[in-house]
Amino acid sequence: MDIMISGLRRRFGRVEALRGVDLAVPGGMFGLLGTNGAGKTTLMRILAGVLPPTSGRVLVGGHDITTRAGRLAVQRRLGYLPQDLGLYPDLTTHEFLEYVGLLKGLDDDAARRRQIGELLDMVGLSDVARRRLKGFSGGMRRRVGIAQALLGDPALVVVDEPTAGLDPEERIRFRTLLAQIAGHRTVLLSTHIVEDVAQTCQEAAVMASGRVVFTGPVTGIIDRAQGATWEVVTQGPPPSTGVVVSAVGRPGGTHYRVVSPTKPDPAAVPVQPSLEEGYVALMREAVPG
Amino acid sequence: MRGRFFAVCRYEFRMQIRKRSLWLSTAGLAVLIAVAQGDRGPRHLPAAADAARVMGSWALLFSMLLPIGFGMVLADRLVRDHRLGAASLLASLPTRPGALVAGKYAGSVAATAVPALLVLLVTAAGEFVHRGDPALFLWAVVAFAVVLLPGLAFVAAFALVCPLMFSAPLFRVLFAGYWFWGNLLGPNYLPSLTGTLLTPIGDYPASWLIGERALYAGAPGWLSFLRPEPGGGAALLSVVLLAVLATPPLVFASPLLARRTSS
Ligand SMILES: Nc1ncnc2c1ncn2[C@@H]1O[C@H](COP(=O)(O)OP(=O)(O)OP(=O)(O)O)[C@@H](O)[C@H]1O
Ligand SMILES: [Mg+2]
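The listed protein sequences correspond, in order, to chains A and B. For the first sequence, my numbering begins at -15 and goes up steadily by one. For the second sequence, my numbering begins at 29 and goes up steadily by one.
Be careful, since some hints might not be right.
Here are a few chain A residues that sit away from chain B, every Cβ distance over 12 angstroms (derived from the structure) [unchecked claim]:
1. R41
2. D48
3. Q67
4. E82
5. Q132
6. A148
7. T160
8. H168
9. K247
Simulated restraints on C-beta separations [to be verified]:
10. A:H168 - B:R46: 33 to 43 angstroms
11. A:D93 - B:I45: 13 to 23 angstroms
12. A:E102 - B:F280: 38 to 48 angstroms
13. A:M(-12) - B:L264: 57 to 67 angstroms
14. B:V142 - A:D48: 43 to 53 angstroms
These aren't lab readings, by the way, just hints derived from the structure by calculation. All C-beta atoms, glycine included, are put in the ideal place defined by N, C-alpha and C.
Let the hints inform the model, and build the full structure from the sequences given.
Set out below in structure tokens:
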């Protein structure tokens, strides 16, 4: 299911969370990067039919999300993992998935239970299927969250910061899982973690202050720092122009990597940028200061 | 959509019936009532009293206090989806808000009805020991259905929906105040709903079971047109009126919930 968004706005009282978003999301895995408060969650809640837009047009798989019928048509084929999803502490993992499955309209008992079994295997929760959700760790809760999202074999999966707060191993497992399931559907992944996008997405968008400031292949983000990424080795203070992206102390002096449109130091040498440096360069252009 | 309604009802029931607070409040209030009733209470009915009268008196007595606990327990059932962070997920599922509200309501009534019915059946067993009349069990079920259940259904509607407009703790305070003013305060002290067709403690149905005024049903007081002579017809009218009064909060629940989720 592809997504076409144009002129999308959403305000909360005096705060304008989305200020005219235009975005096309093709199939496959698509990354959505942006700072805190950029509007990623607001955008995703609108796509999930939870929040009505203030104005603008949103088509998901050709269905207009602002109509009741269109919203229901999208929701029937949607898997959504909200940011900070809460689970019912008094249900077991299996019961929670049963409940969500029934609410998704999976009325065939045998088929639903088979699917739940497969998903529990896939996310590695089969052993705790009969345990109450109360007391699950952050990683386990997130895995229950992704399992419920995948129930009913959705054509569109919207996941809002699924890797935040996970330990590195769990994070890698999680994003690999998402990449696996993106084979025959659209997966929209929002995150602060540039590395997650670099490792799993071909295409991405970057949001800042309620607008999309970049959309295209992930390599396009790297290109934004091309010719603007420098390495400086010094024993003195860090360079004062540009953004220091990394600093590694070594015996000969501290190695700084700096993103700056101009040479930050007479001794600076240009280097090949990483995705993170591309992201930093993009953000400097989008939100000056 | 009918499948969705039953799913919500079933899971809401399951989650609530596992709540320790539901059982503790019921058991606590029931024991208090059984032990602390005055010598006009049903424990002191003559040995010759018929089963309908015995169980009707017990049902009314339980109905005066048990719903307070139920109202407290139910007060966070609709708002807790937001508190727990499950509301966004629920709103993203292809289930109409109406089915969600109706299912939660039915599940809530069922979850409070089970302990209430159990309390009456246990009481019937206690009475059976010295009265030896098996009809006590039958009348326990009847008394539950006409005295307790309509009140539970009425209380559940307001307990679920009011906290969408003001906070659950405030609702609990107001609810307890209303309960004493509108059900237990004698109508001769202050203008009150006590003794009218609108009292959810089941004064009229209990009067019908007992064969005379159970508590204040029909006693002279404020709003005299709501105080007919007790009897079968008045009992039925009281039950119907309670059901009608419980409808508006349920109708407003869906838009209130939607407003909450989308802001
Ligand atoms: N329900 C709401 N009521 C009021 N303001 C809101 C609401 N939801 C979002 N906002 C505001 O809208 C802006 C965008 O928020 P949003 O949650 O969409 O950002 P985000 O990109 O998801 O941020 P984060 O990375 O921190 O999750 C913020 O300024 C936020 O304060
Ligand atoms: Mg967010």
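Hint by hint, here is what the structure shows:
1. R41: Correct as stated: the minimum Cβ-Cβ distance to chain B is 18 angstroms, above 12 angstroms.
2. D48: holds (16 angstroms)
3. Q67: violated (8 angstroms)
4. E82: violated (8 angstroms)
5. Q132: Check fails; 7 angstroms does not lie beyond 12 angstroms.
6. A148: holds (14 angstroms)
7. T160: holds (24 angstroms)
8. H168: holds (21 angstroms)
9. K247: The claim stands: A:K247 keeps its Cβ more than 12 angstroms from every Cβ of chain B (closest is about 48 angstroms).
10. A:H168 - B:R46: 33 to 43 angstroms: holds (39 angstroms)
11. A:D93 - B:I45: 13 to 23 angstroms: At 22 angstroms between Cβs, range holds.
12. A:E102 - B:F280: 38 to 48 angstroms: Given about 41 angstroms between the Cβ atoms, the range holds.
13. A:M(-12) - B:L264: 57 to 67 angstroms: For A:M(-12) and B:L264 the Cβ distance comes to about 58 angstroms; the hint holds.
14. B:V142 - A:D48: 43 to 53 angstroms: holds (45 angstroms)
Hint violations for this structure: numbers 3, 4 and 5, all remaining hints satisfied.
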